[in-house]
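Please model the entire structure based on the sequences and the hints provided.
Residues 1 to 445 (UniProt numbering) make up the sequence shown, in order.
Treat each hint with caution, since some may be false.
[What the hints assert, rightly or not] List of simulated lysine-lysine pairs, DSS-like, C-alpha gap at most 25 Å:
1. K305 with K35
2. K236 with K212
3. K203 with K247
4. K63 with K139
5. K305 with K336
6. K203 with K136
7. K111 with K247
8. K203 with K190
9. K35 with K222
10. K136 with K111
11. K203 with K139
12. K268 with K336
13. K299 with K222
14. K334 with K247
15. K27 with K247
16. K236 with K222
17. K139 with K112
18. K48 with K35
19. K190 with K139
20. K111 with K203
21. K332 with K268
22. K110 with K203
23. K236 with K268
24. K247 with K112
25. K436 with K332
[Stated by the list, open to error] Cβ pair distances, simulated, as ranges:
26. Q118 with V25: 42 to 50 Å
27. R374 with K136: 33 to 41 Å
28. R374 with E427: 19 to 27 Å
29. R101 with P144: 41 to 49 Å
30. D361 with L324: 22 to 30 Å
31. A255 with P144: 47 to 55 Å
32. Y181 with T95: 36 to 44 Å
33. Y370 with Y181: 42 to 50 Å
34. D315 with Y370: 33 to 41 Å
35. N327 with T142: 41 to 49 Å
36. P296 with L90: 48 to 56 Å
37. Q418 with L90: 49 to 57 Å
38. R38 with R288: 40 to 48 Å
If you're looking for bench data, these hints aren't it; they were derived computationally from the structure. Heads up, the beta-carbon is just placed ideally off N, CA and C, and yes, glycines get one too.
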Amino acid sequence: MSDIGLEETAEIYLQDLINRNLLRVDKRRSDGRVKTCRIHDMLRDFCKNEAGIEKDNFLQEVKRDTEGLIEPSDNGMANVRRLCIHSDVLNFLSTQPTGHRVRSFVSFSKKKITLKAQNTLIIPLGFKLVRVLEAKPIKFATIPDEFYRLFHLRYITLSCNLAFLPEYFSNFWNLQTLVIYTTSRTLDIKADIWNMMQLRDLKTNASATLTKTGQTSKAGEKFQTLGTISPQSCTKEALERAHNLTKLAVRGQLACLLDGRSFDNMQKLERLVSLNLQNDIYVNPAFRRQLHGLPPSFKFPPNLKRLTLSHTCLDWSNMSILELLENLEVLKLKDKAFMGACWEVAGRFRRLQFLHIGRTDLVTWVASGYQFPRLRRLELHNCDELIEIPIGLADTPTLLALDMCYAELAVASAKKIQEAKQRMEEEQKSKVGGFKLSIFPADEK
Numbered sequence: 001m002s003d004i005g006l007e008e009t010a011e012i013y014l015q016d017l018i019n020r021n022l023l024r025v026d027k028r029r030s031d032g033r034v035k036t037c038r039i040h041d042m043l044r045d046f047c048k049n050e051a052g053i054e055k056d057n058f059l060q061e062v063k064r065d066t067e068g069l070i071e072p073s074d075n076g077m078a079n080v081r082r083l084c085i086h087s088d089v090l091n092f093l094s095t096q097p098t099g100h101r102v103r104s105f106v107s108f109s110k111k112k113i114t115l116k117a118q119n120t121l122i123i124p125l126g127f128k129l130v131r132v133l134e135a136k137p138i139k140f141a142t143i144p145d146e147f148y149r150l151f152h153l154r155y156i157t158l159s160c161n162l163a164f165l166p167e168y169f170s171n172f173w174n175l176q177t178l179v180i181y182t183t184s185r186t187l188d189i190k191a192d193i194w195n196m197m198q199l200r201d202l203k204t205n206a207s208a209t210l211t212k213t214g215q216t217s218k219a220g221e222k223f224q225t226l227g228t229i230s231p232q233s234c235t236k237e238a239l240e241r242a243h244n245l246t247k248l249a250v251r252g253q254l255a256c257l258l259d260g261r262s263f264d265n266m267q268k269l270e271r272l273v274s275l276n277l278q279n280d281i282y283v284n285p286a287f288r289r290q291l292h293g294l295p296p297s298f299k300f301p302p303n304l305k306r307l308t309l310s311h312t313c314l315d316w317s318n319m320s321i322l323e324l325l326e327n328l329e330v331l332k333l334k335d336k337a338f339m340g341a342c343w344e345v346a347g348r349f350r351r352l353q354f355l356h357i358g359r360t361d362l363v364t365w366v367a368s369g370y371q372f373p374r375l376r377r378l379e380l381h382n383c384d385e386l387i388e389i390p391i392g393l394a395d396t397p398t399l400l401a402l403d404m405c406y407a408e409l410a411v412a413s414a415k416k417i418q419e420a421k422q423r424m425e426e427e428q429k430s431k432v433g434g435f436k437l438s439i440f441p442a443d444e445k
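Written as structure tokens, this is what we have:
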């Protein structure tokens, strides 16, 4: 497995557990890969017992007992290496817990809490050897200086109010994954991420502006994921450093990226398989730039498999460019990505398996099954002006699912496709799969 990455290796092991019926798939991604899975109750109980305090001190769950008290007590965590908090995070932290052997501090509480300034020292002082900090439900009012002394950290997920990422984050030289959820729409990266030699994944819900690349020759070569970053950060120097990227998300005024020479740098990302482009609609209208169209197909990453476009308001004629992306398997057109009354498919999406069209004013769609030979799933959300779905898509043998949400006018054509697929299945006496039609709101006719 030396030729594949850590993520691919993990997926292989995960699939092996699924094949052995030790795990079951809960949700799948648009490309068919596993998104979430569940463990069987009996196996879960066995794992908890083997990893519990009575055995190897590997894992301790923090929860309320039948009398409403937090368990375990502070003394019960003396030798614990993995700490998982299900609920009552604030009450647990108020006990000033310490765990000198804790390597993973994980909170999956559904209830979000704000950690006041006077309480932000609890985690860095109580868990000094922590390597994994998954604290999305815990919103930090401030980040204390002591936090930057957690030098062993390899994985961080934080919720905060940051408008900039302090340069002190550069102290985490062992860090591999950094996930920041912030209330700010933009995040100015002050930390020198290009000299954080182990960093593989940088994710944020804001539009992040990256620092200029450093002089270290191998800086950035381990990056697998960057998102979401600003269009201005997609410089030649940055993308040359991060040439091993597999996932990239960009949000901002996309005209700066798509209409200029900046997009030329994308074709050098030979390992990039997922690209998400979100046009910022919250820009002052006086400074907003209109997109003129998509770049030529040869400027896109050569091995791109998944493409998402949002708020780009492109004309449907630009779809002829996307038809030429030879490896494209997943295409998500969200929130007015394309606008216009008519889309007449001219070419062929040879490998496309998943197509999502959301929130558009499309009225007429002309296409045939020949033009979507491998399509497996079609989603139409908020397409309330679309009159009908091309009946020719029923001829696509791989089409297994049609999901419609607020596309009432096209329901009749969807049912015709369903009837056609059912006839084909009966004629072929197919027992595998079966076409599924989902309509919301439910059709009462």
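With a cut-off of 25 Å on the C-alpha distance, tell me whether K203 and K139 pass.
holds, 17 Å
Next pair to validate is K63 with K139; report whether the Cα-Cα distance is within 25 Å.
holds, 20 Å
Can you confirm whether the C-alpha distance between K48 and K35 stays at or below 25 Å?
Since the Cα atoms of K48 and K35 sit roughly 23 Å apart, the hinted pair holds (cutoff 25 Å).
Starting from the range 40 to 48 Å, see whether the pair R38 and R288 falls in it by beta-carbon distance.
holds, 45 Å
Quickly compare the C-alpha distance for K27 and K247 to 25 Å and report which way the hint goes.
holds, 20 Å
Can the suggested window of 33 to 41 Å be confirmed for the beta-carbon pair D315 and Y370?
Because 24 Å falls outside the window, the suggested range is violated.
Quick check on a hinted range of 36 to 44 Å for Y181 and T95, using CB atoms only.
The hinted range 36 to 44 Å is violated for Y181 and T95, with Cβ atoms some 26 Å apart.
Taking 25 Å as the top limit, are the C-alpha atoms of K111 and K203 close enough?
holds, 22 Å
Hint check: K268 vs K336, CA-CA at most 25 Å. Holds or violated?
violated, 29 Å
Keeping to a limit of 25 Å between CA atoms, is the pair of K203 and K247 held or broken?
With a Cα-Cα distance of about 10 Å, the restraint between K203 and K247 holds, given a limit of 25 Å.
Checking one constraint from the list: CA of K332 to CA of K268, max 25 Å. Satisfied?
Answer holds: K332 to K268 is near 23 Å, not above 25 Å.
Mind checking the alpha carbons of K247 and K112 for me, to see if they're no more than 25 Å apart?
violated, 28 Å
Figure legend: structure checked against the earlier numbered hints; hints not met, in rising order: 7, 12, 24, 29, 31, 32 and 34.
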